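Position chain B relative to chain A; hints supplied.
As you go down the protein sequences, you meet chains A and B in turn. According to my numbering, the first sequence is numbered sequentially starting from 126. According to my numbering, the second sequence is numbered sequentially starting from 44.
Simulated from the structure, these hints should not be mistaken for laboratory data. A couple of the hints might just be wrong.
Unchecked claim - Among chain A residues calculated to face chain B with C-beta under 8 Å, some are:
#1 VAL149
#2 GLY153
#3 THR156
#4 GLY323
#5 VAL329
#6 ILE375
#7 ALA376
#8 GLY417
#9 ALA420
#10 THR476
#11 GLY480
#12 TYR484
#13 GLY551
#14 GLN571
#15 GLN572
#16 ALA578
Stated by the list, open to error - List time: in silico SDA-like cross-link candidates among lysine to any residue, alpha-carbon distance up to 20 Å:
#17 A:LYS527 with A:VAL467
#18 A:LYS291 with B:PRO224
#19 B:LYS61 with A:SER570
#20 A:LYS291 with B:THR105
#21 A:LYS537 with A:LEU559
#22 B:LYS225 with A:ALA377
#23 A:LYS291 with B:ASN128
#24 B:LYS54 with A:GLU566
#25 B:LYS292 with A:ARG349
#26 A:LYS481 with B:THR105
#27 A:LYS419 with B:GLU289
#28 A:LYS291 with B:ALA229
#29 A:LYS291 with A:SER350
#30 A:LYS582 with B:MET165
#31 A:LYS481 with B:TYR102
#32 B:LYS225 with A:ALA376
#33 B:LYS225 with A:LYS527
Note that the coordinates shown come from a computational prediction; the quantities given were computed from them, not determined experimentally. Note that beta-carbon positions come from the ideal geometry of N, C-alpha and C, so glycine has one too.
One-letter residues, chain by chain:
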Amino acid sequence: MFSEPDKEILARRSAIVKHLTSLVSSDGLITDRDGCRAYETDALAAYRKMPLAVVLPTSTDEVSAVLKFCHDTGVKVVPRGAGTSLAGGAIPTEDAVVLGLSRMSRVLEINYDDRFIRVEAGVTNLSITSAVSDRGFFYAPDPSSQLACTIGGNIANNSGGAHCLKYGVTTNNILGVRLVLIDGTILDLGGNSLDSGGLDLLGVVVGSEGQLGIVTEATVRILRSAEAARPVLFGFPSSDGAGNTVAEIIAAGIIPVAIEYMDKAAIEICEAFSKAGYPLDAEALLIIEVEGSKAEMDAMLDRIISIARANGVQTVRESKSAIETAAIWKGRKSAFGATGRVADYLCMDGTVPTGKLAYVLSQIGEIVKRYGLRVANVFHAGDGNMHPLILYNANDPAEQSKAEAAGNDILKLCVEVGGCLTGEHGVGIEKRDLMRCQFSEIDLSQQLRLRAAFDSKWLLNTDKVFPFDCRNQT
Amino acid sequence: MSGDLKPRDEKNLSESIKMAAAAKMPLIVSGAGSKSGIGRPNGYAMSVTTQRMQGISLYEPTELVIGALPGTPLSEINQTLATQNQMLPFEPMDYRPIFGGRHEPTIGGIAAGNVSGPRRIMAGACRDSLIGIRLVNGRGDVVKSGGRVMKNVTGLDLVKLNCGAWGTLGVFSEVIFKVLPKPECASSLALRGLNDATAIAALTTALGSPFSVSAAAHLPKGVMSEPLTIVRIEGFAPSVAYGCGELAKLLGPYGKADLLEEEVGTDIWSDVRDARWLADPAESAIWRLSLAPSKASGIVAHIGRVLDTRHFYDWGGGLVWLAVNASEDAGSKVIRDAMRGLNGHATLLRAPPQVRSKVDIFEPLPPSLADLTRRIKFAFDPDRILNFGKMYSGI
Numbered sequence: 126m127f128s129e130p131d132k133e134i135l136a137r138r139s140a141i142v143k144h145l146t147s148l149v150s151s152d153g154l155i156t157d158r159d160g161c162r163a164y165e166t167d168a169l170a171a172y173r174k175m176p177l178a179v180v181l182p183t184s185t186d187e188v189s190a191v192l193k194f195c196h197d198t199g200v201k202v203v204p205r206g207a208g209t210s211l212a213g214g215a216i217p218t219e220d221a222v223v224l225g226l227s228r229m230s231r232v233l234e235i236n237y238d239d240r241f242i243r244v245e246a247g248v249t250n251l252s253i254t255s256a257v258s259d260r261g262f263f264y265a266p267d268p269s270s271q272l273a274c275t276i277g278g279n280i281a282n283n284s285g286g287a288h289c290l291k292y293g294v295t296t297n298n299i300l301g302v303r304l305v306l307i308d309g310t311i312l313d314l315g316g317n318s319l320d321s322g323g324l325d326l327l328g329v330v331v332g333s334e335g336q337l338g339i340v341t342e343a344t345v346r347i348l349r350s351a352e353a354a355r356p357v358l359f360g361f362p363s364s365d366g367a368g369n370t371v372a373e374i375i376a377a378g379i380i381p382v383a384i385e386y387m388d389k390a391a392i393e394i395c396e397a398f399s400k401a402g403y404p405l406d407a408e409a410l411l412i413i414e415v416e417g418s419k420a421e422m423d424a425m426l427d428r429i430i431s432i433a434r435a436n437g438v439q440t441v442r443e444s445k446s447a448i449e450t451a452a453i454w455k456g457r458k459s460a461f462g463a464t465g466r467v468a469d470y471l472c473m474d475g476t477v478p479t480g481k482l483a484y485v486l487s488q489i490g491e492i493v494k495r496y497g498l499r500v501a502n503v504f505h506a507g508d509g510n511m512h513p514l515i516l517y518n519a520n521d522p523a524e525q526s527k528a529e530a531a532g533n534d535i536l537k538l539c540v541e542v543g544g545c546l547t548g549e550h551g552v553g554i555e556k557r558d559l560m561r562c563q564f565s566e567i568d569l570s571q572q573l574r575l576r577a578a579f580d581s582k583w584l585l586n587t588d589k590v591f592p593f594d595c596r597n598q599t
Numbered sequence: 044m045s046g047d048l049k050p051r052d053e054k055n056l057s058e059s060i061k062m063a064a065a066a067k068m069p070l071i072v073s074g075a076g077s078k079s080g081i082g083r084p085n086g087y088a089m090s091v092t093t094q095r096m097q098g099i100s101l102y103e104p105t106e107l108v109i110g111a112l113p114g115t116p117l118s119e120i121n122q123t124l125a126t127q128n129q130m131l132p133f134e135p136m137d138y139r140p141i142f143g144g145r146h147e148p149t150i151g152g153i154a155a156g157n158v159s160g161p162r163r164i165m166a167g168a169c170r171d172s173l174i175g176i177r178l179v180n181g182r183g184d185v186v187k188s189g190g191r192v193m194k195n196v197t198g199l200d201l202v203k204l205n206c207g208a209w210g211t212l213g214v215f216s217e218v219i220f221k222v223l224p225k226p227e228c229a230s231s232l233a234l235r236g237l238n239d240a241t242a243i244a245a246l247t248t249a250l251g252s253p254f255s256v257s258a259a260a261h262l263p264k265g266v267m268s269e270p271l272t273i274v275r276i277e278g279f280a281p282s283v284a285y286g287c288g289e290l291a292k293l294l295g296p297y298g299k300a301d302l303l304e305e306e307v308g309t310d311i312w313s314d315v316r317d318a319r320w321l322a323d324p325a326e327s328a329i330w331r332l333s334l335a336p337s338k339a340s341g342i343v344a345h346i347g348r349v350l351d352t353r354h355f356y357d358w359g360g361g362l363v364w365l366a367v368n369a370s371e372d373a374g375s376k377v378i379r380d381a382m383r384g385l386n387g388h389a390t391l392l393r394a395p396p397q398v399r400s401k402v403d404i405f406e407p408l409p410p411s412l413a414d415l416t417r418r419i420k421f422a423f424d425p426d427r428i429l430n431f432g433k434m435y436s437g438i
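With the rest of the complex left out, here is chain B:
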């Protein structure tokens, strides 16, 4: 058997997976495939895609909740929310600039990858906004967890477990998100010419202030012609104006903080979100390091002494985007050694398949955690047919 299973609805999806489970036929699980270059490659012949399962299933603006079938394009969600002046809080990134795909990301794929953007520091990640799911597990059972209300501790939270599981435990058949009102206004302040360590100290000052910073990034030389350190404040117009004024004073020791023009600000945050500066050259490998901000510039400097890198920082320094040469292990040994003992983790997001098949993509698990992860995989997908091996070999 080979080909694509393209179920029309949840029932059809369940039948497809039951059939594959009975045949012990591994499946590549995908939405539109915009992130298909992420993870360990496999040679499976069959795939199941949720692309045809589209549509908004629930939208109650006054309850701040939206639900959709997994194949719904992200743009449709965004447009629907925009009619009521609302948004997904977590500002999901679009992987197309760095993977060069044509297909629009789907909302199911966003949830499967726990894809978040700059506003994560203030409004939480995708996993924090995802409040309900229906999914089909590896046995073909339709399972629900969570729901449409924000506070819910009824039973084990399968919602968060599946958000960021990359389709290895189940395939979403519906996802329900908490949404937020769009801020009335957004302004960004910029400092210029700072080195990495000083820039992150400035971002730390901003994030430790009471002025509700919604995004904080540093773009060093290499992605910019001169280093640019930026923070964003969102809210009602008077609050934003006040916050920017106070924050500029607070950042005084780091230089003069200029207000970016609105359009420049909007563009720059979407570039930060999509890691656009690292897209080219397309042959380079891209890493994503998640760690405590105070460790970030030291680690980057350490790695930079061995590897040829380009990088920038989001989440106030807590997220480092790093491009390296993709030859051999794409810097894997150097980067993993540097991250050891820091209580953070590194993901090799983009690399050629031959590299991805021989190095760890996600942070390697200590043996006891690997055992538990394997048991959890078995609890959802006993025949190991769903994206088997995508995150970890043998899981």
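Only chain A is shown next, with the shape it has when bound in the complex:
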């Protein structure tokens, strides 16, 4: 999974650390093993590596100084937000310095008239919304880890969430970033306006998984919240009924705010955790959320319910209160954590064309059965972004490799039906060696030449995203 550490760098460790002390304040540098242990891994906890050192800068200038030093002396850098990557995007290597943005967590400017907020990269996703919610505004992308994950990490992974069916993902909600290149150059991309003046570099930086530079500040759009929102639970006796309901809702011209899907295994796990009232007798559950005034929501729900009835829905239960709404979303957003209580799991993130959902679901069942494992499916049905959770025992190495093999088969299937390897979690190390399933050598070469325009020495998040054996042929 990891390249061999550079022995020459390891040998220079004390000199590197000594120089870093001159670049950041003393409490912004961690060099002891116990201190570094917290930075060994991320949410892909099966892998861990002790970094050379950890720096926690407090300003863009400090980030720039650290990067320039690392660039000039050939030291690799692994950027880190909150370390919630499910793809190993923040796992360090032994010859790399971790650059964490956790101490850059200030809100810099809120502008309601121009509908933006400017924050440092270490601000958490949820705290952006919290900063503007008293005036009825919110920041739209809402990944399940929003309590912990940072806007810098969201930008790196182009994070989505349950509500991006209506409001889009990170890239659709960012107006500008301050980006530091590996040589220390500080660039402002985008700004306060709705489109960019030159090439859309903001568009390529979002989702680049720390390969191109380190974002230290972001200007993001804030939107006025709808008057109210109401999630409704639809329990189906078959996955087909649920799948067809999704397709017919969209065909009818209705775009709800969210359409989330859970299979029986996921329903049981989430209900045991959240007591949200999910129907335990259902084979498949849809959580569909509509928003607007009461009359609007009633009118839209009438249409949705009649489509669901035509597809054999068993249970329809509308949220009747804010408490119920919170419980319904808590159950969904805790799905990964709740699953972690019953088993270890690998979370896949492929996206498929929504017309292929039913087929892919049944194939996932077959694949996992073939490896003698179990799966729980919980995902964003409206946009085809699947999250099969492959359950296994991490203490059993044979089971671990079976789970990884099953995951690879599932992702290949996603690509075969016209989808992609990852919708919102990123490639990281986890899917790096599958990139050729989706891209030709020519596609990868073009991406690598673009990458080289930002980081010609391959120092930023080096072991991630691109297969090792395609890197020398640009």
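Coordinates of chain B only, in the frame set by chain A:
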């Protein structure tokens, strides 16, 4: 060598570009040429056009996705989508009214220019709906990025980078868009007689409301006989009626908000989209300023003290369309000075070639950004044959 390369298909396009690259022969890249008056002029003898590469390559209405070859006329895309009551969300403008061309815009050209319209404030720009591309880079390689699904973070996003790159990095051989259902109904409210600053405050109130405003513009005296401030609400009929009622109450402090008749509303938004009021006189220069709405009226007033201007606002004030006299630098110095430090940008969209060859068309880049842009150009087009110099001199 001179003339037009008119490849029939992607393979042919790739061969044409390989040939030009081998000969280090710069090419003018175009679709139907409806936007050929935009950018820095060049004297290249050869061009490559995607006009013959036409057709819908993929349409799955229940998946909200459409794909097409680059030379497909926009009208064909719109008609195809209309059969299923769907639309391109970003309401692309038609440049013909201001450039006077005959040829219908192509979908590849729309993507190359990141061309969006009034609904951009709600549904995103062209770059937000473009989810997949195939393109031929300056080496003649066929490269794909993105795909047909809406959520995709696999590899670097070449889709957005090429959307709005004006063919300087590659030539599209296929473009795939996310689409949306057409709203069941659209209504527009109008306020009358407001000055620019007050009008933008009214639009800000509307856009800060929970009533899903899909377009917001102000048309001052000079483009209208009396100032008209308009907002549009789209959706299911009961929602639209409710939203208009609530919004009219909210806008009360700015005067009485009247409902425009449906046809008047439709016409006026297509005029806003196409900047039709600035088309004549054809000799005038046209600027497009993108900035924070709260800065817009101040900047326009500032520029108006020095230059003779006509203007209107879209995107709630975040987009200013400005017509000025095209003589000398077409107001470039005054406008760029006024925009400095605002975190926005200005584009000289229409001006005679002699003006466009001597002033910056796109927002000038600071040196570090210019260096990076140059390296990116090299990463796609090492021989610098694709629309070389169209956006920036030497890039």
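Cross-check of the supplied hints:
1. VAL149: Interface hint status for A:VAL149: violated (23 Å vs cutoff 8 Å).
2. GLY153: violated, 26 Å
3. THR156: At about 32 Å, which exceeds the 8 Å cut-off, the nearest Cβ of chain B leaves the hint on A:THR156 violated.
4. GLY323: Holds, because the Cβ-Cβ distance from A:GLY323 to chain B comes to roughly 6 Å (cut-off 8 Å).
5. VAL329: holds, 4 Å
6. ILE375: holds, 6 Å
7. ALA376: With Cβ-Cβ at 5 Å, under 8 Å, it holds.
8. GLY417: Holds. Min distance 6 Å.
9. ALA420: holds, 6 Å
10. THR476: holds, 4 Å
11. GLY480: At about 5 Å, which falls below the 8 Å cut-off, the nearest Cβ of chain B leaves the hint on A:GLY480 intact, so it holds.
12. TYR484: Since the shortest Cβ distance to chain B is 13 Å, the answer is violated.
13. GLY551: holds, 6 Å
14. GLN571: holds, 5 Å
15. GLN572: holds, 5 Å
16. ALA578: holds, 4 Å
17. A:LYS527 with A:VAL467: OK: A:LYS527 and A:VAL467 at ~18 Å, within 20 Å.
18. A:LYS291 with B:PRO224: The hint holds at about 12 Å.
19. B:LYS61 with A:SER570: holds, 17 Å
20. A:LYS291 with B:THR105: Since the Cα atoms of A:LYS291 and B:THR105 sit roughly 16 Å apart, the hinted pair holds (cutoff 20 Å).
21. A:LYS537 with A:LEU559: The given pair, whose Cα atoms are some 8 Å apart, holds under the 20 Å limit.
22. B:LYS225 with A:ALA377: holds, 10 Å
23. A:LYS291 with B:ASN128: Status holds; Cα separation ~18 Å.
24. B:LYS54 with A:GLU566: holds, 17 Å
25. B:LYS292 with A:ARG349: Distance ~17 Å between B:LYS292 and A:ARG349 Cα, so the pair holds.
26. A:LYS481 with B:THR105: holds, 11 Å
27. A:LYS419 with B:GLU289: Holds - the C-alpha atoms of B:GLU289 and A:LYS419 are around 13 Å apart, at most 20 Å.
28. A:LYS291 with B:ALA229: Satisfied, since the Cα-Cα distance of roughly 18 Å is no more than 20 Å.
29. A:LYS291 with A:SER350: Distance ~12 Å between A:LYS291 and A:SER350 Cα, so the pair holds.
30. A:LYS582 with B:MET165: Violated, at roughly 41 Å.
31. A:LYS481 with B:TYR102: Satisfied, since the Cα-Cα distance of roughly 15 Å is no more than 20 Å.
32. B:LYS225 with A:ALA376: Measuring from Cα to Cα gives roughly 11 Å; hence the hint holds.
33. B:LYS225 with A:LYS527: violated, 46 Å
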